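So the sequence lines, in the order shown, correspond to chains A and B. Take the position in the first sequence, starting the count at 1, then add 766; the result is the number in our numbering. Take the position in the second sequence, starting the count at 1, then add 16; the result is the number in our numbering.
The reader is advised that the hints may include incorrect statements.
[Said to hold, decoys possible] Partner residues are not named here, just some residues of chain B that face chain A (Cβ under 8 Å, in silico):
1) Val-55
2) Pro-57
3) Phe-124
4) Leu-125
5) Phe-216
6) Ile-222
7) Leu-238
8) Leu-355
9) Leu-365
10) Thr-417
If you are wondering where the hints come from, they were derived from the structure by calculation, not from laboratory data. Computed from a predicted structure; not experimentally measured. Don't be surprised by glycine CBs; every beta carbon is placed ideally from N, CA and C.
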Amino acid sequence: MKMEEQPQTRSMPGWQRALNALALPVLALFSALLLSAIFILGSDPVVLTAYAKFLSDPGAALGISWKTIVDAYHALFIGALGDPAVVSKELSEYFATGDTKDLTLAFYPITESLVTATPYIFAGLAVALGFKCGLFNIGAEGQIYVGAATAAFVGYSVEGLPWVIHMPLTFLAGTLAGAVWAGLAGFLKAVRGAHEVINTMMLNYVAFNLVHFLLNGPMKRGGATGHIPISRNILESAYFPAVFPEPLRFHFGFFVALLVAVGVWWFLWKTTLGFEIRTVGANPRAGRYAGINISRNFILAMALSGALAAMAGAGEVMGLNHNLAEGFSPGYGFDSIALAMLGGGHPLGVVLAALLFGTLRAGATKMQSLAGIPIDIISIVQAFVIMFVAAPKIIRWVYRLKGEGGFETVLMRGWGG
Amino acid sequence: MAAITQTLGAGVGALAQRRRGILYALAGIAIIVFFSRDVTPEQLATLGLNTTRSVQLLKLPDIVVPVLPVVWLFGALVFGMGLWELARGFRRPAWLLGVTSFAFLATFLVWAARGTSFSLIGILSASLQLATPILLGALSGVLCERSAVINIAIEGMMLGAAFTSVFVANVTGSVMLGLVAALLTGALLAAWHAVMSIEFKMNQIISGTVINIFATGLTNFLNQRIMQEYTQFNNEMTFPFISQMFPELGRLPILGALLFDQSPIVWLALILLVVVQVALFHTRWGLRTRAVGEHPRAADTLGINVFRVRYVNVILGGMLAGLAGAYFTLGSVGRFDKLMTSGRGFIALAAMIFGNWTPIGAFASSLIFGFADALQVKLQILIGQVNIPSEFLVMLPYIVTMIALAGMVGRVNMPAADGEPYEKQ
């Protein structure tokens, strides 16, 4: 089957091949949104009462369902990309008068999407790099917090350094902490065969509690009021500077993330170490016969994965919040699992998927305030996305698609003991 | 870490034995040094054996012990065992670990209770309570994995079942129907897991993650949409404790608090433990299940329907996880709270591995995890005495899980085909 398929795909023009590669993730996302709509409808009392009278008035029930869904996803769209009408109006006003004040507001939603995409790029790369080595890092969330806590500490406690030194130092410190944190899970897997899924999950809980302890003890901001424990602000010499003036929050972390994505691509495909990691991921047994040290690659890949996830946390502290607050990450680490799979485990795919997830989450925040739909709907969407991407058979069958492929990773079957 | 876990466990050879001996001798010294801190020579510790219940059949005297001698006694015991291991060697090093753990915990409790009193019966009773969902989750894991389907979704199934149990119990006004709803939720999510991993041959870890993310998202979503808007659906609904149904049982000394001040679900879990243990090793179903888990092709050749066995086991396992979820609500606090299972599903998996994929072993290890959990709940009272920030106590079960995993995986007999999808030829 695969043999016959290949020449056919190869003879296709480039754009058609690209389209083919895109079909699966796009349809997966579309189907996931469609299925999630059921949960929006099923938990809406107005819709449910309409369905109670379905037999007498089916039109009303269907009409109200349609309206609810359209309202919800419209709010999502506006929240993510801005209202097209407002944007075009402000643009023409800007060209007429040169007034930028309202224009920045019109662009607020779309820059917010990019702001949210930033941690997603880092965390998505983290999970994707793990996949490439056959490792499933579900501890990115904890690693984000560890990276953020370390970056925050270095950011406010190291004083008197110029920006060119303090900023990279802060970023590196956070990154390193994440590498050590996740490296522990890699170490336990390499040396003891303990499955990384459980260990990274356990390390998540340890990290959350550690941050809770730090924020209520050693790192507590003096005289802080309010419900959420918070640390001192980091010094300006450790900031990722903002790109636009206030109130836009878009910062240079986004470009750092893009650079890191290129770096990960270069590392995985252009270096010997990266090749080893991919070999171990594709076929550990073959790797072993080729003389590759499997244990070392597990530890290295896990540490790098943790480092990337920690960059997400450090980036949020340095570019956005400028402090460490409990619960500052709404689950970027968990979301990045679906994201990495949607991106096919490739850095370019991850960046695209991260942009999509950034818009989704930024939009969902708006959807929560406009249409009253809890933001957790995103997790439901994600669960379906992972399912459809991991079992492309379902999508192919539903949409009558031909061809092979889909998300390919050789995760360890069993407990790896 | 690796050296330590290797040394603690059943490593063989003279070098491992010598290392182990030195390590345990050092552990003995550490117990003495650490737990002699802040203790005055005459200080006593009281370990309570009575509940606060006013009517009791027999009031037992509390255990009152002098702190320092206990510390020295247990420290010397461990030190001596280490020396013995160094000189002669024990035949079963596992005993060394068991006795040392007990000595450490006993010393720790006595030390924490120095100059004051601490309810021993309370912490034991709490251990059993907190072990219950872990035991049920581990049994769920045993059922699934004995037929070679990894179920990492126990956490999600628990969470989903916890939600529906409260919702249905409140809507219908019946705790029993709430329990049924929990079982059905577990079965439904498990069926989904089964279809993905058996039918579509998806990687079982990914398939389980789908369920976990879905259950987390949906319960958070519905919690905000339903429970918080219509609070009448989140009223406290619990099964009465055994001692409330039979007050005489509750008045028994020790046993009253330990076994009967408990939800019926605790008893159900203990009964299911026996049932699963017997069924797995002494019935035709159990033999088939194990055959499918060890060598599906051979089982298939003998006419066993591999797919059906896996579907049945995964769905039964889902129901056990559902029961565990119901314990969090109907058996304990009675309300749903978002993310209330807080990782116990993963700890249950560790308990299953630690228990070598047997129900009895899973029970023993869930008691250990339950005790670690109970320590952090009960020690809050003695927080000033212990001088450990509460967050570190909360971390304890998670860290114990990691150490247990590191020490056990690789030297246990996991089902040979665990995690492998079956392809019929």
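Hint by hint, here is what the structure shows:
| no. | hint | result |
| --- | --- | --- |
| 1 | Val-55 | violated, 26 Å |
| 2 | Pro-57 | violated, 33 Å |
| 3 | Phe-124 | violated, 20 Å |
| 4 | Leu-125 | violated, 22 Å |
| 5 | Phe-216 | holds, 4 Å |
| 6 | Ile-222 | holds, 5 Å |
| 7 | Leu-238 | holds, 6 Å |
| 8 | Leu-355 | violated, 11 Å |
| 9 | Leu-365 | holds, 6 Å |
| 10 | Thr-417 | holds, 5 Å |
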